[in-house]
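Spelled out from the first residue to the last, the chains are:
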Amino acid sequence: MWSFSHIANNLHEWLSKTFNPTMTLIIEMVLAGVAVIGLFAALGLVLVIMERKVSAWIQIRLGPNRVGPKGMLQSLADTLKLLVKEGLTPNGADKLLFNLAPFVAMIVAMLLMAPIAFAKDFQLWDLNIGVLYVSAVSSIMVISILMAGWASNNKYSLMGAMRSGAQIVSYELSAGLSILAVVVMTGSLQVSDIIHSQANGWWIFKGHIPMVIAFVTFIIAITAETNRAPFDLAEAESELTAGFHTEYSGMKFALFFLAEYVNVFIVCAIGATLFLGGWMPFHIGNWTGFNHVMDYIPSSVWFFGKTFFLIFVIMWFRWTFPRLRIDQLLNLEWKYLLPISMINLLIVTAMAILGWHF
Amino acid sequence: MFITKYIKDVYKGVRSLLVGMKRTLYYFTHHKEIITQQYPDNRDTLVLPERFKGEVVMPHNENNEHRCTGCQACELACPNGTIKVIFKNELTPEGKKKKAIDKLVYHLELCTMCNLCVEACPSDAIKMAQTFEHSVFDRNELTKILNNPGSKIMEGVE
Amino acid sequence: MFEEVGTTTEGDIIVNVGPQHPATHGVLHLVITLNGETIKKVEPHLGYIHRSIEKMCESLSYRQFIYVTSRMDYLSSHINNHACALCVEKGLQVEVPPRAQVIRVLMDELTRIASHELWWGAMAMDLGAFTPFFHAFRERESINDIMEETCGARLTMNYMVPGGVMQDLHPNFQKKVKEFMQLYKRKIHEYDELVTGNVIFQNRMKNVGYLSAEDAVSYGCSGPTARGSGVNCDIRKIYPYEIYDKLEFDEVLETGGDSFARYMVRIREMQQSIRIIEQLIDNIPEGDFQAKTKAVLKLPKGEFYTRVETARGELGVYIVSEGGTTPYRIKFRSPGFSNLSVLDHIARGSKLGDLVAMMGTLDLVIPDIDR
Numbered sequence: 001m002w003s004f005s006h007i008a009n010n011l012h013e014w015l016s017k018t019f020n021p022t023m024t025l026i027i028e029m030v031l032a033g034v035a036v037i038g039l040f041a042a043l044g045l046v047l048v049i050m051e052r053k054v055s056a057w058i059q060i061r062l063g064p065n066r067v068g069p070k071g072m073l074q075s076l077a078d079t080l081k082l083l084v085k086e087g088l089t090p091n092g093a094d095k096l097l098f099n100l101a102p103f104v105a106m107i108v109a110m111l112l113m114a115p116i117a118f119a120k121d122f123q124l125w126d127l128n129i130g131v132l133y134v135s136a137v138s139s140i141m142v143i144s145i146l147m148a149g150w151a152s153n154n155k156y157s158l159m160g161a162m163r164s165g166a167q168i169v170s171y172e173l174s175a176g177l178s179i180l181a182v183v184v185m186t187g188s189l190q191v192s193d194i195i196h197s198q199a200n201g202w203w204i205f206k207g208h209i210p211m212v213i214a215f216v217t218f219i220i221a222i223t224a225e226t227n228r229a230p231f232d233l234a235e236a237e238s239e240l241t242a243g244f245h246t247e248y249s250g251m252k253f254a255l256f257f258l259a260e261y262v263n264v265f266i267v268c269a270i271g272a273t274l275f276l277g278g279w280m281p282f283h284i285g286n287w288t289g290f291n292h293v294m295d296y297i298p299s300s301v302w303f304f305g306k307t308f309f310l311i312f313v314i315m316w317f318r319w320t321f322p323r324l325r326i327d328q329l330l331n332l333e334w335k336y337l338l339p340i341s342m343i344n345l346l347i348v349t350a351m352a353i354l355g356w357h358f
Numbered sequence: 001m002f003i004t005k006y007i008k009d010v011y012k013g014v015r016s017l018l019v020g021m022k023r024t025l026y027y028f029t030h031h032k033e034i035i036t037q038q039y040p041d042n043r044d045t046l047v048l049p050e051r052f053k054g055e056v057v058m059p060h061n062e063n064n065e066h067r068c069t070g071c072q073a074c075e076l077a078c079p080n081g082t083i084k085v086i087f088k089n090e091l092t093p094e095g096k097k098k099k100a101i102d103k104l105v106y107h108l109e110l111c112t113m114c115n116l117c118v119e120a121c122p123s124d125a126i127k128m129a130q131t132f133e134h135s136v137f138d139r140n141e142l143t144k145i146l147n148n149p150g151s152k153i154m155e156g157v158e
Numbered sequence: 001m002f003e004e005v006g007t008t009t010e011g012d013i014i015v016n017v018g019p020q021h022p023a024t025h026g027v028l029h030l031v032i033t034l035n036g037e038t039i040k041k042v043e044p045h046l047g048y049i050h051r052s053i054e055k056m057c058e059s060l061s062y063r064q065f066i067y068v069t070s071r072m073d074y075l076s077s078h079i080n081n082h083a084c085a086l087c088v089e090k091g092l093q094v095e096v097p098p099r100a101q102v103i104r105v106l107m108d109e110l111t112r113i114a115s116h117e118l119w120w121g122a123m124a125m126d127l128g129a130f131t132p133f134f135h136a137f138r139e140r141e142s143i144n145d146i147m148e149e150t151c152g153a154r155l156t157m158n159y160m161v162p163g164g165v166m167q168d169l170h171p172n173f174q175k176k177v178k179e180f181m182q183l184y185k186r187k188i189h190e191y192d193e194l195v196t197g198n199v200i201f202q203n204r205m206k207n208v209g210y211l212s213a214e215d216a217v218s219y220g221c222s223g224p225t226a227r228g229s230g231v232n233c234d235i236r237k238i239y240p241y242e243i244y245d246k247l248e249f250d251e252v253l254e255t256g257g258d259s260f261a262r263y264m265v266r267i268r269e270m271q272q273s274i275r276i277i278e279q280l281i282d283n284i285p286e287g288d289f290q291a292k293t294k295a296v297l298k299l300p301k302g303e304f305y306t307r308v309e310t311a312r313g314e315l316g317v318y319i320v321s322e323g324g325t326t327p328y329r330i331k332f333r334s335p336g337f338s339n340l341s342v343l344d345h346i347a348r349g350s351k352l353g354d355l356v357a358m359m360g361t362l363d364l365v366i367p368d369i370d371r
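Protein chains in written order, with this note's numbering: chain Z, 1 to 358; chain S, 1 to 158; chain A, 1 to 371.
Rather than coming from a laboratory, the hints here were simulated on the basis of the structure.
Ideal placement from N, C-alpha and C gives every residue a C-beta, glycine not left out.
You may find that some hints are simply not true.
Claimed, not checked - A short, non-exhaustive set of chain S residues, derived as facing chain A with CB atoms under 8 Å:
(1) LYS12
(2) GLY13
(3) LEU17
(4) VAL19
(5) ARG23
(6) THR24
(7) PRO49
(8) PRO79
(9) ASN115
(10) LEU116
(11) GLU119
(12) MET128
What the hints assert, rightly or not - Quick list of the computed label-pair ranges, beta carbon to beta carbon:
(13) A:THR325 <-> S:ASN89: 27 to 37 Å
(14) A:SER212 <-> Z:PHE309: 42 to 52 Å
(15) S:TYR11 <-> A:THR255: 27 to 37 Å
(16) Z:PRO339 <-> S:ILE35: 41 to 51 Å
(17) A:ASN16 <-> Z:LYS81: 26 to 36 Å
(18) A:HIS345 <-> Z:PHE103: 41 to 51 Å
(19) S:TYR11 <-> A:ILE243: 44 to 54 Å
Construct the complete structure from the given sequences, taking the supplied hints into account.
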């Protein structure tokens, strides 16, 4: 059967036969790098057009419909425009940090790609602390935002960056605690283990209400961590014009823009992996016939379907809710999400010990 | 009780958010609610109401005759000096000299479409046209002469 | 400029919001002294869109100057024109025919709804919710279509003239207005679902930007801004003009004084306007739409003042006449200027994010403030 893992294995075998092991490793690394960059570009294009279409339909508009069939090439045209624009560096800016910040944002997003299982047995690096790695690396994102905000020499940017710092640091907590709920249930930090533990049902179904609560908390927390509305205080268009990337233009702005969307994809992919079974097909108990039909759908379709559903939910949030104020944002985390997810983690632990899940 | 109030707050808050999300989902899935008009494409079907104030025009009949007597009421009524009436002397068939308009100059770039000139005109010589695409590359094109070349005043209009 | 900010201490930052900023809806320039996120002082700077409308009016005749006032508060241009027409009529002592009066009131109320619709959408956008803006424009658009049919323009109508209205109602007017009211009633619950009931929105608006009734009076606030603090200041009720004294409608009052109270006043005011339109739409009397006036209007020597309730508050028109064809001096008392002056008072001590919410509830239209 055609699958990603099949192609990858064939390629590996062919390379091993043709080159010596070191060369094979180097070529595979280069291929992986190229694949990740290619995925980046594709994701940027797809997610931008998706966001614009979702927002348009919610706002009773048509959305982009001029460039290409049904406007599907609009984001390509936008990218082209951003490529040829001049990347200004404002006077008085810290030139090194100012130019470095977008790349830090991109590198963080790239690093996060490593432990994600895109399909069955198709993963860049199945390290044994995959989940920990993700939550550790994703918090580096705040450094790029702080860097951009500080180096821009602009009060709006600085304020946006500081807001973002406070926000990401707080929301890491509840995101981490809800990830822990799954880790506690599975007993492993490895991404492939977590996926395999969901073979007989996804955690959101197997884990009763506490898992649903953990899932909701996780969605809220990642929305905040990726600086998406209603938690887009770092950008806060009507307050800070464009927040931390006010001074950026051209391709440097595009990198921030791309990093935002790729981050959304990655956190949604992690959410899908942890709570919705990653590439695992949807199975219902003993309905063998039904389960068999579900198995015929390729695992990559399952993975991308779940991820894009979560991305849609996050976009849906963005175009429905007003923005929170900074103190309300922190209130929500420290007074509501954190206590709820802590108690929830306690219940989940009890459930795991007593075996009260399917 | 503190805990019940806390839970109530959370419930009410989440519920209000879900109500909003339901509403946006409705619009996301019901594309017939879309009200966008695809403007340059729908030019053929685009009908503006007959009272729409686009620009001042002077209707002529098939014999190239207009109704303007050159009374300057429009020029006086205009708040911006948009209209200038330029006269010429014409000979009537009886050989008398008669004052008639040579050009009725209309500066579209100054016009605010206030309709005061049309209201002021005693002989209904000018009216508002339903055009709205006024942009041109040369601003001289915005200065228009409303009467056609060689046009005459209609019989019986005083 | 910065020396006069006496409250500045070490660690405060001064931020220029505007003249080009997404939240100021025009060219308002605010110099804000911030301590972290907390606002210490707000200084509005005006004059970026000053077109000297008052001076321009001095060289225009009493028929001509009305069109300029459409450009003041461009969201309620009918009501501005109405105020001017009323003032000229007061000087001329012209009796406006009943049909013209009803048409004027109908147009005023439609304008009020359109203005509040746009305010609602723009304010939700200030708070970060983009969708309501487009939904508000759907309803506003159908009002604009009605206006376009009868008055021939969508924004700057110049429909009110001394003595009545410029043209008679379009034959489709009643049908279209009824259709609009049906649409509005079908969609009104969405406003609650999307914005009013939303927990984030309520938390953003409640207990923010408190304005007491005393302060509202002493700063000269009017309109929904003052009514949100419980001040009876609806000109339609206290100094009725046209046929407002014969109509049944409530003066919308909220006692909260915070941003949410001002918000609710406007939302409820839209429903009162619908109520007024419902009373009038089937009872438009027959007759002239314009009183007979002379071709050249001359006001007698003297001073004339009228005031009306625009969508933003009290608009006063003060004409000094020397007996000629043009006014000697015209002064407009615009609601926006007084409402803006209260911003510093209510914004001190709140967060930067609240500033845009407060500016939203004050419903500022900058050309109205600068003129």
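Hints versus structure:
1. Taking 8 Å as the C-beta contact cut-off toward chain A, the hint placing LYS12 of chain S at the interface holds, the least distance being around 7 Å.
2. Checking GLY13 of chain S against chain A by beta carbon gives a least distance of about 4 Å; that is within 8 Å, so the hint holds.
3. The interface hint given for LEU17 of chain S is met, as the beta carbon of that residue sits about 6 Å from the closest beta carbon of chain A, less than 8 Å.
4. At its closest, the beta carbon of VAL19 of chain S sits 5 Å from a beta carbon of chain A; the interface hint therefore holds under the 8 Å criterion.
5. Residue-level restraint check for ARG23 of chain S holds (minimum Cβ-Cβ distance to chain A is 5 Å; threshold 8 Å).
6. Interface hint status for THR24 of chain S: upheld, as the beta-carbon distance to the closest one in chain A is roughly 6 Å, under 8 Å.
7. For PRO49 of chain S, the shortest C-beta to C-beta distance to chain A is roughly 4 Å, which falls under 8 Å, so the interface hint holds.
8. With its C-beta approaching chain A no nearer than about 4 Å, PRO79 of chain S sits inside the 8 Å limit, and its interface hint holds.
9. With a least beta-carbon distance of about 6 Å to chain A, the hint placing ASN115 of chain S at the interface is held under the 8 Å criterion.
10. Here the hint on LEU116 of chain S is kept, as its CB sits about 6 Å from the closest CB of chain A, short of 8 Å.
11. The criterion of a C-beta within 8 Å of any C-beta in chain A is met by GLU119 of chain S, whose closest approach is roughly 6 Å, and the hint holds.
12. A hinted interface residue such as MET128 of chain S counts as satisfied when its beta carbon comes closer than 8 Å to some beta carbon of chain A; here the least separation is about 7 Å, so the hint holds.
13. Judged by the Cβ atoms, the range 27 to 37 Å given for THR325 of chain A and ASN89 of chain S holds: they are separated by roughly 30 Å.
14. The hinted window of 42 to 52 Å between SER212 of chain A and PHE309 of chain Z holds, with their beta carbons roughly 50 Å apart.
15. Checked against the given bound of 27 to 37 Å, the beta carbons of TYR11 of chain S and THR255 of chain A, roughly 28 Å apart, stay inside it.
16. Take PRO339 of chain Z and ILE35 of chain S: their Cβ atoms lie about 44 Å apart, and the range 41 to 51 Å holds.
17. For the hinted restraint 26 to 36 Å between ASN16 of chain A and LYS81 of chain Z, the CB-CB distance of approximately 29 Å keeps it satisfied.
18. For the hinted restraint 41 to 51 Å between HIS345 of chain A and PHE103 of chain Z, the CB-CB distance of approximately 46 Å keeps it satisfied.
19. Take TYR11 of chain S and ILE243 of chain A: their Cβ atoms lie about 48 Å apart, and the range 44 to 54 Å holds.
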